[in-house]
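Novice: Okay, here's what each chain looks like letter by letter:
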Amino acid sequence: MTALPRRSLLAAGLFLGLTGIAHAQAPAPASERFITVASTTSTQDSGLFNHILPLFKAKTGIEVRVISQGTGQALDTARRGDADVVFVHARAQELKFVEEGFSTERRPVMYNDFVLIGPKSDPAGVAGTRDIVAALKKIQEKAAPFVSRGDKSGTHAAELNLWKVAGVDTAAQKGPWYREIGQGMGAALNTSGAMGAYVLSDRATWISFKNRGDLVISVEGDQRLFNQYGVMSVNPAKHPHVKVADGKLFADWLTSPEGQKAIADYKIDGQQLFFPNAGQAGA
Amino acid sequence: MDVGAIFQAAFALVVGLDPGFLGIVFLSLRVTLTAVLIAALIGLPLGAALALARFPGRAAIIVCLNALMGLPPVVAGLAVFLLLSRSGPLGPLGLLFTPTAMIIAQVILVLPIVIALTRQVIEDLWSEYRDHLRSVGLDGLRAIPTLLFDGRFALATALLAGFGRASAEVGAVLIVGGNIAGYTRTMTTAITLETSKGDLPLALGLGLVLLSLTLAINAIAFGASRIGARYAG
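Residue numbers (the working numbering), protein chains in the order written: chain A, -4 to 278; chain B, 51 to 283.
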């Protein structure tokens, strides 16, 4: 068969071509020293990490690989040992994480606040008010559409707490107006825009969100809308392989004057997205 | 939404040659093409062997492989995730949230397509040329290299189908890769991220670039097979 040499040539060429693409065109080699941080969608989607991580890397040479998930999922990722550090926003869940022994210390880092987003047409008549609990009660009375994250994220936990204070049993309301979508903050905002529904969002994601359509801030400024972020490094007693020293370096840096300044410096259109408060008692 | 904004976003991405964007494109190609290559190295001989061999349970295996062509990517991703997680059986390898994990997940998605389509192609060829091949002394498994070579154009289409499945999917790579910026972010996970950030023109612009790449790779494969057909007759 005369085709034989050509055949092997073809095969060799194909092989070399494919592996060539596999290796030669690989992105610049990632630095050897890295940590994995499980964090929330708000810190990632708002662009905060793009702003602060290069500063941390320049100082320490450590690359930070961020997995952005809802707070509940991020904590579970760390519980399985798949992250070295968690940086999330649900105080009660974080304290439980420490209590279970997955971390030895939770440190407050920064805060911002939640805002109630709604359609301009304001079907529940709550726009411009400050009392979030009264606003939620009105939404329920009018059965105005409300989108819930429904993904065990920090924002979802905060929303459920507020409904509880309002005395509304959301579990019994699912369906007609209370719509659980089980997705991240951005997806929830996209959905609310399309449905003309109310939704609770952290302010940072809202400020950086680009597909607002008819959505506006309906309620803001209530003290109960406070949103605290905390950082914890994973306890090596639970997962011996975690990078304790480098993880601690990152947590130390976030709570140091330098890291705190980097957080405060991050702005979109002149608006500060996160307010550093490391070391504040009870935060 | 303004259609012009989509093309503008796509154009800016390509013309700007932003290193972050190029990294995403290269990683997508690297993961997908490596997965297809591995699936081809395993799947072509295995599919051909399955076409020629006769053994009890063969029909059941063929049906299962055909069904696996419809395996939901998110299920494959979840299985690989649980396998590679630090709390899973292969945890000590530390492969979760790496490009290697993404390649593994995509091999699982592409392999059934390559095996099932190869089996069909080779079985048809075998029934056509069986007598001829036997007369030149090629029987049973020894006929596999010749059959694979003779079916190369149909098999190239099988590999392209596998490539299409791998390059288009987001469910598996998102779960096992973690969409880490500059490390495991691919075209499809970047599209997902930009959608959730509400930057729909950029998301669709990325989609346009991905489609163009797929088109280019298919055009290259088509051209190569044309040239091959002319010379190798």
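Bear in mind the hints are in silico, worked out from the structure with no lab data behind them.
Careful, some of the hints might be misleading.
Simulated pairs of lysine to aspartate or glutamate, EDC-like, Cα-Cα distance not exceeding 20 Å [claimed, not checked]:
(1) A/K262 with B/D249
(2) A/K52 with A/D241
(3) A/K243 with A/E253
(4) A/K205 with B/E178
(5) A/K137 with A/E94
(6) A/K205 with B/D52
(7) A/K52 with A/D71
(8) A/K132 with A/D164
Novice: What are the numbers of the hints that this structure violates, sorted from low to high?
Specialist: 4, 5 and 7
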